[in-house]
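Following the hints, position chains G, H and R against chain S.
Residue numbers (the working numbering), protein chains in the order written: chain S, 1 to 344; chain G, 1 to 344; chain H, 1 to 344; chain R, 1 to 344.
Hint data in this document are derived by calculation from the structure and do not stem from the laboratory. We treat Cβ as the ideally placed atom computed from N, Cα and C, and that holds for glycine. Possibly wrong hints are sitting among the right ones.
Said to hold, decoys possible - Okay, the calculated beta carbon distance ranges per label pair:
#1 Asp220/H to Ala53/R: 55 to 65 Å
#2 Glu75/H to Ser138/S: 34 to 44 Å
#3 Arg317/H to Ser138/S: 54 to 64 Å
#4 Val16/H to Asp227/G: 43 to 53 Å
Number of protein chains: 4
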Amino acid sequence: MRALVKRAPGPGFDLVDAPEPIPGPGEVVVAVRTTSICGSDLHLYNWDPWMAAHLREFPRIVGHEAAGVVVSVGEGVVEPNVGDFVALETHIVCGRCYQCRTGRAHICRHLKILGFDINGAFADLVKVPAMNCIRVPSSIPREWASLMEPMGNAVDTVLAEPVSGLRIAILGCGPIGLMGIAIARASGASLIIASEPSPFRRQLALQMGADRVVNPFEEDLDRIVMDLTDRDGVDAVAEMSGSPKAFLDAIRIVTPGGWIGLLGLFSQMVSFDPNDLIMKGVRVHCITGRRLFSTWDLVKRFLASRQVNLDRLISHRLTLDRYQEAFQALSQGEAIKVIFDMDR
Amino acid sequence: MRALVKRAPGPGFDLVDAPEPIPGPGEVVVAVRTTSICGSDLHLYNWDPWMAAHLREFPRIVGHEAAGVVVSVGEGVVEPNVGDFVALETHIVCGRCYQCRTGRAHICRHLKILGFDINGAFADLVKVPAMNCIRVPSSIPREWASLMEPMGNAVDTVLAEPVSGLRIAILGCGPIGLMGIAIARASGASLIIASEPSPFRRQLALQMGADRVVNPFEEDLDRIVMDLTDRDGVDAVAEMSGSPKAFLDAIRIVTPGGWIGLLGLFSQMVSFDPNDLIMKGVRVHCITGRRLFSTWDLVKRFLASRQVNLDRLISHRLTLDRYQEAFQALSQGEAIKVIFDMDR
Amino acid sequence: MRALVKRAPGPGFDLVDAPEPIPGPGEVVVAVRTTSICGSDLHLYNWDPWMAAHLREFPRIVGHEAAGVVVSVGEGVVEPNVGDFVALETHIVCGRCYQCRTGRAHICRHLKILGFDINGAFADLVKVPAMNCIRVPSSIPREWASLMEPMGNAVDTVLAEPVSGLRIAILGCGPIGLMGIAIARASGASLIIASEPSPFRRQLALQMGADRVVNPFEEDLDRIVMDLTDRDGVDAVAEMSGSPKAFLDAIRIVTPGGWIGLLGLFSQMVSFDPNDLIMKGVRVHCITGRRLFSTWDLVKRFLASRQVNLDRLISHRLTLDRYQEAFQALSQGEAIKVIFDMDR
Amino acid sequence: MRALVKRAPGPGFDLVDAPEPIPGPGEVVVAVRTTSICGSDLHLYNWDPWMAAHLREFPRIVGHEAAGVVVSVGEGVVEPNVGDFVALETHIVCGRCYQCRTGRAHICRHLKILGFDINGAFADLVKVPAMNCIRVPSSIPREWASLMEPMGNAVDTVLAEPVSGLRIAILGCGPIGLMGIAIARASGASLIIASEPSPFRRQLALQMGADRVVNPFEEDLDRIVMDLTDRDGVDAVAEMSGSPKAFLDAIRIVTPGGWIGLLGLFSQMVSFDPNDLIMKGVRVHCITGRRLFSTWDLVKRFLASRQVNLDRLISHRLTLDRYQEAFQALSQGEAIKVIFDMDR
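Just chain S, with the same shape it has in the complex:
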């Protein structure tokens, strides 16, 4: 089968012929129909030091945002059935650690990630535990199915506390930030301020439902927030950028007693005065992964009901052999989400 792999340490991927996976007990094999590129895939492609440290075995089939049809099931699998169209939860959990036992499997202590710790989904076939398959109802466009995984991150961040009737700032309008805007809008936020340096992404932020977009490097974010909130500051901030400046912005613009959700990962240390946070009596929610599987249920309903529409986020639809073109577009900031149509 075709598979996009990291053959050895260093930049780039290769499209190779790989052996087909066979499902073990409790596992299924999925014929991949649609995939999408995550920011972490780009880091892996570019062999950024931080991400490189996470990949230890070679060759490794990469990619994790994926959906497809179950084609074979291993022993003991009750669900899903062969023929089911499923999206993949990309965190493979142990089921036995303290976190797994206490309803927090998304932060499993022995977490394995598809496309990093085991072979991934940029391939014709992928093998995963049966429980990692989420059945996608036919009311959701297939093209959106591989985007459900990152959308789960956006849901857990923006809805870490209720936003209905409240004012929220979203810092960073990459794909997850843009999804977060749509989720906040659908969930009743009364004011959504989006901060993002790229004009292209700010434009998309408005289309996804932001009330006001701000270039944090050229405009006075603090003043704009205060002007739009009766000088209260925002009730919530979703940090989606991983930028130290945004971290500090969040602390300044949140209203005392409000909350900050941290999702974006940082590539450098942050220096700050904790008193600025403490004196405001703020709550900080750190988000990683998606709640298994209540978040998926929310994602499914938001999409099936069209409360959230992902069409605008798909900037490129390509076949897998054009992967170099895809990563180049992403590197140059020209793409939001690149979808690989794996059927062709």
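Same frame as chain S, now just chains G, H and R:
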């Protein structure tokens, strides 16, 4: 000044000339501009036994849903200022009981209610504690201002827990149930099922945003709920009717682990099997009044942003002297909200 | 092997020789070391109509409160290992329904209960899914191990919301009520009032940590509660009795804005005025089962640290062949917890 | 009257004769009976740059931890009454800002602090708003009354989420950290690990209820925590030291999905990798002040019931004229809490 009063025990109200109120320390007098009729006013008008028991002093100026302009302020009042347009919180609280001291003033142990325990707002002027005045921004239509009080009840019931991405049933589509539908819609509920016997109100329920309306006496509510929810039942039920049948409906249609909000007051006892509730692991939230004053902030934002639009709920606009016409329309189920334009 | 069974509909159990169970995939067989009798076992023994309706297949090995040593494991089992001493979670869940998928497996839609829906644990060997085995650390006395299951119910009820620094009433001092008193004490409740008609159990309630015990049929519970709480009422009520009178007591003695936990199952309908609950702005938490498995972790820590001591609750230690004596003692109200030492 | 004042910028205080305060409308004057020295008073005494920035008017009567008897009340005061023994809430709030209106007055936007922004309590008489007086029941030793204010900080930090049956680390064993240990113990924490460099304070930590004390500069805190928690880490960390090292310790020792409470104020910037926090899915609760007034109710009950005993924290009992001795003992780390007996 003009004032609508209950002169003595028994049905009916009288429009009389009453002395003008003078604000004491910490009090303000408001020139009433717009008022609306609450269901409890109708009970009082009809002298229903249950409501009658709450009125002990006569004559009493009735009415509590009201907004107007501050015309005089008593000693020590810092806010509001003369000239401010304000809606009235109708619960007057002691500020010193256990509930008031611990952030739950809306269930104050020494609660006094405007138009019941002290003179009310169906009059040219009304006197209230300064803290009971909520400034209404000019971005909210004045005609909606007296409706903010009952809307607060709807907010606290429907948003007792988050509804974003969840499925909710609203039982009873009186004015507060209808507001509840709009709030659930604005707050991201993925499915809203409204149960209401009156065809007129079911029609309004659809206009306010319900996905499906049900006549609980002629249709099979349970089957409809199960069909629309993959046989899960709804995640939440807002009981807005005070009907024993609806109480039992709520228990049957809620999914295990879901929640029920109880707002509607009952005029009769309810007999039920608590095991039906217990075995489902349900949470029940009992709602009375409005949180002081976080609920008001939500109401203001929902209205200023037009996330919720109240125009459809105003079925009658009358002058105060036509009050008999108003109560007759309400008695006959022809009205939703009757607004008195107090300026004329 | 020895097994206590319900052979056919009707009162009584029989001690018989039964075939030994063999573990299927994902299952384990446990050599039972200690068991205890639950109130539901007594109902089953007496063939009370309500409980009788839950048993449909005969013969059925009864009993579910149990602990023992794993002696064989089926295919695919990673944990526990042969030789592990484990307590049993008695709710067998499907893992796939909406409730299981969303972190609420304790209210699984396809729940099977040990000793009712499948063969139980009053036997030399019992077969259960591997995930239903909870490893018991050696720091917990073995004699307490079968009591961890009902203690989980007590934990989920008393700690439905924090009780630290608050005042709680516990209605009904059966074994779970008594455990609840100890848990409330350990968890920082400042005042614990226990209501129970039996003098024997009231005495135990004091020993488990109640500050004040009340005979609800002979004393004025309302007055006592108000006197002890500065006339506030209690912040929380844990209803552990299944008595309609206690249900009404709970509503009267809870402070406005407080909460009620309902655990006791009722053998009759309850008639009440919902307004009494609604006007108080109360939250009601309905409890069934134990959270899988965060509750078990709390139980383990409470016992291992001796924050809770169960010795006083064990009124009888018998061998299984003396089961008739055990059920008789329970029927006559002379026993709290009867432990069967299954080794002998 | 006698008053301890900061006459002008610079180190030290002076004991002077000051005019007696007269209560305005809504205010009361309290004859101070007992006071205690807060860490911030020491910073003020030493004129540390950070604290110095907060004091702008001179002379200023200092001190805020205080209790006494109401001797006169201003116009409109309903509570407290002359003769009541009261402790003082030291945060004077505006009652009108967004935070005050929404149940978060402890983070009022126009907060004034007793002894900083207005004249304080190290004097024979002090004037405060009536609402800032908390009646102290006679069941609480008078000597503890001025300690209720800092104890409120400890309550809000340690009980930011429930700790019953959980494992907590307390970083920093100053007076508030030591109170936090006692509160965690009383509230059912199963394991309390206290980290503190001072041997004197570590000894006190054990006496207040810590299971294990650690010198973070000489012992391997991480290893000790992991060894005592089955390698899970602690469920909660209360940061009470304001030390950058402790901030980093907290992130390392908390279990994924656990929480960190931040109370200690920092005198320097902190540099950290946010990913360490984010990947753990932690919640951070920033604490400042005390919830008005639910926290006070908890404090009162903990003390009246003797669930928490403060005797061990009072290291010095002095008369006000010996204030220099007091500040010297504190500077040298020989004191925990210095109480001024103001009657003498």
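Hint check:
1. Asp220/H to Ala53/R: 55 to 65 Å: holds, 59 Å
2. Glu75/H to Ser138/S: 34 to 44 Å: holds, 35 Å
3. Arg317/H to Ser138/S: 54 to 64 Å: Holds: the Cβ-Cβ distance is about 60 Å, inside 54 to 64 Å.
4. Val16/H to Asp227/G: 43 to 53 Å: holds, 46 Å
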